[in-house]
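J.: Protein chains in written order, with the working numbering: chain A, 1 to 642; chain B, 1 to 242.
Just so you know, not all the hints are guaranteed correct.
[Claimed, not checked] Computed list of lysine-lysine pairs in DSSO-like fashion (alpha-carbon distance at most 27 Å, straight line):
{"hint": "1", "chain 1": "B", "residue 1": "Lys140", "chain 2": "A", "residue 2": "Lys19"}
{"hint": "2", "chain 1": "B", "residue 1": "Lys72", "chain 2": "A", "residue 2": "Lys342"}
{"hint": "3", "chain 1": "A", "residue 1": "Lys342", "chain 2": "B", "residue 2": "Lys140"}
In case anyone wonders, no lab produced these hints; they're calculated from the structure.
Spelled out from the first residue to the last, the chains are:
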Amino acid sequence: MPVESLFPRLEPLLARVQKPVQYIGGELNSVISDWDSAAVRWCLMYPDAYEVGLPNQGVQILYEVLNERPGVLAERTYAVWHDLEALMREHDVPQFTVDAHRPVAAFDLLGVSFSTELGYTNLLNALDLAGIPLYARDRGPEHPIVIAGGHAAFNPEPIADFLDAAVLGDGEEIALAITEVVREWKAEGSPGGRDEVLARLAAGGGVYVPRFYDVTYTADGAVDRVTPNRPGVPERIAKHTVMDLDSWPYPRKLLVPLAETVHERFSVEIFRGCTRGCRFCQAGMITRPVRERSIASIGEMVREGLANTGFEEVGLLSLSSADHSEIHDIAKGLADRYEDDKISLSLPSTRVDAFNVTLAEELTRNGRRSGLTFAPEGGSERMRKVINKMVTEEDLIRTVSTAYTHGWRQVKLYFMCGLPTETDSDVLQIADLARAVIKAGREATGTRDIRCTVSIGGFVPKPQTPFQWAAQLDHETTDTRLRKLREVLRNDRQYGKAIGFRYHDGKPGIVEGLLSRGDRRVGAVIEQVWRDGGRFDGWSEHFSFDRWMGAAERALAGTGVDVDWYTTRERGREETLPWDHLDAGLDRDWLWQDWLDSINPDGAEVEDCRWEGCYDCGVCGELGTEIQIGPTGRQLLPLSVV
Amino acid sequence: MHYAKRGRLRFTSHRDFQRAFERALRRAAVPIAYSAGFSPHPKVSYANAAATGVASEAEYLELGLAQRRDPKEIAAALDEALPEGFDVIEVLETAGGSLADRLAASIWQIRLDGVTPQVAAEAVGAFLAAEVVEVERMTKNGLRKFDARQAVIRAELVDDPGPFARGSDPVLPPCAILQLVVRHVTPAVRPDDVLSGLRLVADLMPPHPPRVTRLAQGPLDASSGEVHDPLAPDRSGDGSVA
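Just chain A, with the same shape it has in the complex (with noise of 0.2 Å):
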């Protein structure tokens, strides 16, 4: 069936919305190709603004790997502005692709990538402006297959009725995968319809269908059993690991916007996974081994990279990118590269050592020195330890120095507000960092002019990770603790001029924290919040912490549970998380074991398994993978001069 355009009726809308550029496709390297040769459809969507979504990685990752392949077409859409929602609901006009501007439920698939929970709302107003039933269960033949990836789909629950699938980890060889499966079922003439094409995706294990899993509650109100409620349905669903990052070497051809969007760079992915063993972190937790990408590989990916897109800037991009074991030859050999050519250098590493202030001298050679992150996290050693982040005040001490006499003049400090057994006194001794910190920074450098800004962000226990047994704080103490802070820092009359101060209140924290330990009772939640209007979750402006909590306490009523059951409740061994048979490959003793860890003072300490042994997490085990690193012992050549 054809296909039309929809931008003949989308256009005279976009006289009348606010930045109508980002609806109307059209970057570099984007592509269009023909509908009706295709044999099967993705649209892929991240469930936020334009500005934010288009960036993202693992979409570009996706669309590249999708596009490439023979008769497959993958196009975009993300979530439009409440301006252009309100023209497309009064004009008919559904939810469209940016590429061809092709009605979204026209689709085989609409695979959405969530990094934050916090898009939940977007992926229901986007459904209802297709036109494609919000429940699962509704959906015909006709409807496209929504499948969610991305790290929020670690724990899919609350949103479980409104999927038909989700995967779990590294998208590039499933998505290829589930392309083939639907690809022969197409051909067959769609035998069985939607559920038949649903069991073979579920049957090869890889791809989970929570349809197909029947949910039980204990009388306290937890999760007693996720169990399969039909054959060829396997019990646990695992994640996907890609091995060998050099033979993916995407995105080759980077999208380039006409809009302004948040990231304006070319980004190279130059390891995956983190096991520095943070225990706070559920991206270094669901992203084990370490695999990184070589020097060679990267150097080659810039080069295309720059050629492709004409940016001027380069990102390094991974979990702790000073951890790449050749990132200095990297660093260096591109340094030297790009001299005269007014390409800059960026590395979103927050590692607080020496190391990372060497680095980025390195990187910002001929660049400004504008500012400097460090992330110790907590305030105190004591916390330090709990979430195994181990530096001491000395070591930060130093560096912050190193980096004030290398030129920085502005440094930052991250911290986190709320974690596990988490007092007072440990929040205000942050305040004791800062003024340390510009204290060694003044003698240093003999001036009065450098800054330190602390940045707080309070803390949310994630599942698949030793704190997914944690209490979250309640929102009320996480304000009061930081105004205490705050206050500290204002009434300092010798250090608090030279120190920022930077925090959001504590309660989109909490709705985060619902959202990810949350189970298939959230989605009444979400779906009463989206009904109200609730959209954008992600955007202060936006965010309405009451709208959220009147949903809540209506689509909650009956079941025995709250908000703070989800939330601030400490969970015990033997309870069913909503997310146990979702395996990212940890071994749910060792979890458990390394939550003990964290809260009794005497307990282990986590070093990296990259250099100190194998600690058995778990994940190489059970999932057969193993740590890729290097050094390669290869350089950077220069570039011949063309």
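Since chain A is already given, all that's left is putting chain B on it; use the hints.
T.: Chain B alone, transformed into the frame defined by chain A:
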């Protein structure tokens, strides 16, 4: 450089064009000169960019190069590197003088869907008959009141919008097409200010968003109301690539 902003790319802002253009300079390996200083930026001066939502066949900018190059090669390389819809029409080596000073007036075409030519003609007649038409517009410095009449040299209805002003979306009949010659003054009088004026003098309220295209800009012949080619002084032989 003379370039156009066409089709759906009319929804880009001037800043969007600037970013795309500077990336195109790098991809096309144009030996652009950089300003001196702490954060060097490429030497490009933009003049009179058309507003977001407005298409244009007549945008101009000046480039400073670090090496002498064949303007035709630069034109071809940049046209290739720019997204479709930002189209390079001509590049010439300047004969000197300020380009901005040569851009004294613009010809605008406004497609008014849902308005009959007769109603539009009456409104234009009333507008031209007035000495002063004071309109209001929100600017960075708040609501500003100014005259939209004096800057309008000519205003008339035309039959055919031409290929560029027609656009990709279907015309919603009836349809009136208005052509304006507007002098560049301060504060600028834009096509939407003239439309505000038509509303004030004749209650003209188009039911659909007007579709605006700049057809030309350049030196103004005040007596004939004609707008001439601003690159004429730079032209030696035929430098056109389009």
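J.: Take a quick look at whether Lys140/B and Lys19/A sit within 27 Å of each other, Cα to Cα.
T.: 17 Å, holds
J.: Taken at face value, is the distance from the CA of Lys140/B to the CA of Lys342/A at most 27 Å?
T.: 33 Å, violated
J.: CA of Lys72/B to CA of Lys342/A, is that 27 Å or under?
T.: 26 Å, holds
Hint violations for this structure: number 3 only, all remaining hints satisfied.
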